[in-house]
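Protein chains in written order, with the numbering used here: chain A, 1 to 654; chain B, 1 to 654.
Think of the hints as simulated: they come from the structure by calculation, not from any bench. Please read these numbers as outputs of a predicted model, since none were measured by experiment. A hint or two may mislead.
In silico lysine-lysine, DSS-like type, Cα no more than 30 Å apart, as pairs [to be verified]:
no., chain 1, residue 1, chain 2, residue 2
1, B, K235, A, K405
2, A, K405, B, K328
3, A, K558, B, K579
4, A, K20, B, K405
5, B, K405, A, K235
6, B, K235, A, K328
7, B, K334, B, K405
8, A, K235, B, K328
9, B, K405, A, K457
10, A, K235, B, K235
11, A, K405, B, K463
12, A, K405, B, K20
13, B, K20, A, K334
Residue strings, one per chain:
2 protein chains.
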Amino acid sequence: GLLLEVSTHGPHAVPRTSWKQQDLDLMEFSEPGVFNYSTLLLSEDRDALYVGAREAIFELSKKNVTIRNNKVQWTVTEIPMTMCTLKGKSKERDCLNYIRVLQVVDDQKLYVCGTHAFQPQCDYLNLADFSLEGRPEDGRGKCSFDPSQSFTTVMVDGELYSGTAYNFLGSEPIISRYSPPHSLLRTEYSTSWLNEPSFVFADVIRERKNRADGEDDKIYYFFTEVSVEYEFFGKLLIPRVARVCKGDLGGQRTLQKKWTSFLKAKLVCSMPELNFVFNVVHDVFILKGKEAKEDTLFYGVFTSQWGNVGLSAVCAYNMTAVEEVFTKGKYMQKATVEQSHTKWVRYNGIMPTPRPGACINNLMRQQNINSSLHLPDKTLQFVKDHPLLEDPILPIGNRPRLITKDVNYTQIVVERVLALDKTIYDVIFTGTDKGVLHKSVVFEEEVHIMEEIQLLKNSEPIKNLLLSSETQSLYVGSDSGVVQSPTAFCSRYSSCHDCILSRDPYCAWDPKTATCVNIVASPNQQSRSLIQSLDGDAHKCPSVPAVPQKDYQLVTVKPGSSAELPCLVKSNLAQLIWKSNGSVLTEASRFHFIAENGLLIYSVAPEDQGYYECWSVEWAPAAGKNFSRLMAGYTLTLDLPPRPRADPIATTFS
Amino acid sequence: GLLLEVSTHGPHAVPRTSWKQQDLDLMEFSEPGVFNYSTLLLSEDRDALYVGAREAIFELSKKNVTIRNNKVQWTVTEIPMTMCTLKGKSKERDCLNYIRVLQVVDDQKLYVCGTHAFQPQCDYLNLADFSLEGRPEDGRGKCSFDPSQSFTTVMVDGELYSGTAYNFLGSEPIISRYSPPHSLLRTEYSTSWLNEPSFVFADVIRERKNRADGEDDKIYYFFTEVSVEYEFFGKLLIPRVARVCKGDLGGQRTLQKKWTSFLKAKLVCSMPELNFVFNVVHDVFILKGKEAKEDTLFYGVFTSQWGNVGLSAVCAYNMTAVEEVFTKGKYMQKATVEQSHTKWVRYNGIMPTPRPGACINNLMRQQNINSSLHLPDKTLQFVKDHPLLEDPILPIGNRPRLITKDVNYTQIVVERVLALDKTIYDVIFTGTDKGVLHKSVVFEEEVHIMEEIQLLKNSEPIKNLLLSSETQSLYVGSDSGVVQSPTAFCSRYSSCHDCILSRDPYCAWDPKTATCVNIVASPNQQSRSLIQSLDGDAHKCPSVPAVPQKDYQLVTVKPGSSAELPCLVKSNLAQLIWKSNGSVLTEASRFHFIAENGLLIYSVAPEDQGYYECWSVEWAPAAGKNFSRLMAGYTLTLDLPPRPRADPIATTFS
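Extracted from the complex, chain A is given alone in its bound form (with noise of 0.2 Å):
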């Protein structure tokens, strides 16, 4: 029927291998008494990590975040402080200064902005002494009043471009370009426009220079809103990608001010056959091309507004599909019905040229249109009017890469990386709202988890996640601190078979050194002899000789006292199995207790003595194969009290 059954028809996502945060030594930075580290900006050029918290604005440095190269702090002054109080906001929570914009200006200078009790402000931060210049400009429609509210913000050739509300209520809405001297270019105020939006992410899509058609680079914006195109009891929330132009001046007369460029689509993430959408985007990470920009992906970690337990799924999409709806697309338009009601449906009448909401190319310039300002009224009212368009943007293979249940994704960042197979795999890191990293692969339409690593003490939300193949890092930015971690933890994995069953991308098995390697560290390895085999055919490890039973650790006990008999096993997928003398030990048994990391035995009897051997089974989908390893052995005996010498009283007992 038309209920949902997800739990028994959805993907399986067990991550394979849980790292806990004390096993794995990761570098943490975090200074008494500051707080919100949610704004990252990694420095190209520089080995730095910019950090902006609440009150103040680190440079780190990026090899290894616990080494605190710089630090300027940024405080509320007395004034705008009793303004925020008064106006019935928190001291303590609301009436600070949260730094919320670091963008690179130049290679001296960063633009950074903070919400500043709200009331923002922006200034310019010199790289030289780490130190601002100290005239705040009004940060209204470039940075968020509220530090609590969404917002996104990127720098595209020194214009600022921004998500965010203009009001101190939040009220407002407004995407905008900020290009001093220039005022603000900005969104018309209007739910067809923009529809109590949660802004996740913007970037720019460069067009390749010396382009035939003069087409315009554009800033695409991602954010969740309040559908008006559907309607059910309450608000129904809809995924959207948004783009503007880089070149737009505004209209003349019509949208003075405003984008003429300004157009958006719905983002599609859904399991059709279960009629199940998830609704909301929380992230987005664009993978851009080497070169073509066909090659282009963008990521989004997207939940059901009615997902109330946690599933989170990853759609991933072409850039060329929102390239195709925004160029080709219908438009929706609003129809009234019986007099007071509205419903949004698709546009069928006559366009007007050129086409609403095109940026300008070598065709509109032979048309003597050469700005936005030269385009024709006609053009601008209905890209005012319309600015939905009615396509969807649909996820390749028409289906989520990857659901999870009772995780929900903040976070996400994807990086390419060559395996030895010559082929590239899109690793994908998801930042959970508990700490936790996923670490998960697609390999034959099929995805794989392949750890999940706890990266923050405690279970808080992961407010930013960055990744820097230089330093093969990722940087979270959490509300109590900065972490860094490295992208693959090849190392820990201890035998061949645990290496190969890892599946991991940046992983290989070196037969020489006998030790699990990072290709991706270290690519000058000699690959010839390495063993990687990403459909987990752990087959292909060296073969390695039995363990005799003699070998078998020996443990003796008192008889009626406990044996402990430890065996870890790292793999969530792998199953335990515990052979005594030969057969497999149930759970029936009252004596025995097989726990997580070992078998416990209490009271031991005479008849417990012989050999244990604890043996890890783990099947690799992918391979279709079984692979089986004996994880640890042990001989159990009791030790007995030497046999005391016949006592004649007794005997006549007997």
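Model the placement of chain B on the given structure of chain A, informed by the hints.
Leaving out everything else, chain B in the frame of chain A:
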């Protein structure tokens, strides 16, 4: 935000006591080779529970369903069977006769229908000799073709009302009345009337006899269908209540042999503050008032279309609220938008009189409209086009009575119980798709799940659930059999604490006999001396003298061996605390293992000797108190061998 956090905001709903199937010694009935015991009918006059199964009808004793008084088989003959298999249906599963209608005609006869190999048939069952008359009638419109399709039926004054599908494919839904010798009165085949409905329940609500306004009795249907008025990516389901008038005869020209009184409205069961909608209804139970119709309530069990992990809700509605909508509510109408789209909006135009869909009453009779055949064409044409009312039916208190996680409720019955505090409590019994029954009570607006009972051996859905106040029993039909359960398990609460903390309105503590007694089963007891406190205030129990430590059970073990100290606490709401020599034991100690049913100390050392106490601490939220009770006490000693006499040789070494 708009996102859901049911997990943190929703009411907690953990059943206090869990009863396992094997603990309860329930009465069960099934016969080898017979399955699908899903149609149940309790006889009011006779000691009989009639059971419709696959190809068989049983008469069981309603006092004890293990007693089978009668059985008749009703198999499919060769020709329909061949037809069925030729049409591509499975011989073993589909082309059999599933009995789906069992209704009382009079004290001599039942009317029975079966799917009969996708060619539904009905017959009369003589109760005297429990034989079928053998003159089968066409069952189309009375019984479903498909045994797995949703279906509901009710017999009112010798007329059979059904909600089912009218064709082999199951694509033509129908709500019909069969009143021999007339032909079927039925719904229009139109998505405005019924749009892929799943029928769950139907029943009659009688008007008081001799009402001045001469109002007619009404038959209410409950179902989930695909919404026409809301839109999203896919199909949006919506729970409905529809009603028809008993005296409806159809129209003269318009709506000939169709209902002239078919109207429907949406049922709302939602958490408005969370924007969370339970939009699928699975079962309804009508709690009819003794005298005044105003007392009549109905309960529904709901899930969400997106509740893929099992969030179930129970909503209660006043029947007067339903009547209000049907007699005064606004109609919806289909409007065309831009030629090609439709939208359902409120009808604000002039209404024909008499009110479309209204039952014939004295006012109409004064206008010479004595039956629906006399209704004017304008009224009929209007109701044909406007069967849907705009106003919603809101639940009592505007929210669910009960929300439970990780459970899918399939069935509901409710019994009103007069407690010793002279208050009437509605006790809600809900059956799940895993064979479990929940028993809940609403106390001062807060719901308390008293018990969960594993009624079925297998984890299969409860398909039917009936309650008899006469036998104090619940009857459960499932694919594999019939189970009879008492409505209360008072005597299983062995202490006054447990009896009071259960908060079961059926149960009270009798201090004279020191037993927990069922006050409903034996209401003539000396109720003055009984103790009942539905807030769970166990301080009302007679005080129990403390057990002196010297009377604790002695446990003697050999040094180094393990000791098991059992302690069984039945309440899931209680916390179990172990004390050793007065201090609380924690999980930290590696030589203790605090299990569900006791304490395990392995490798007992001399320092482990002493007193051990198992305490149950239970919080009763309605009483606002904690109740602690000693559940078990032990004295642990070591069985030390007698100290050997000093050995002169050994002492030289010391």
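Hints violated by the structure (numbers, ascending): 2, 7 and 13
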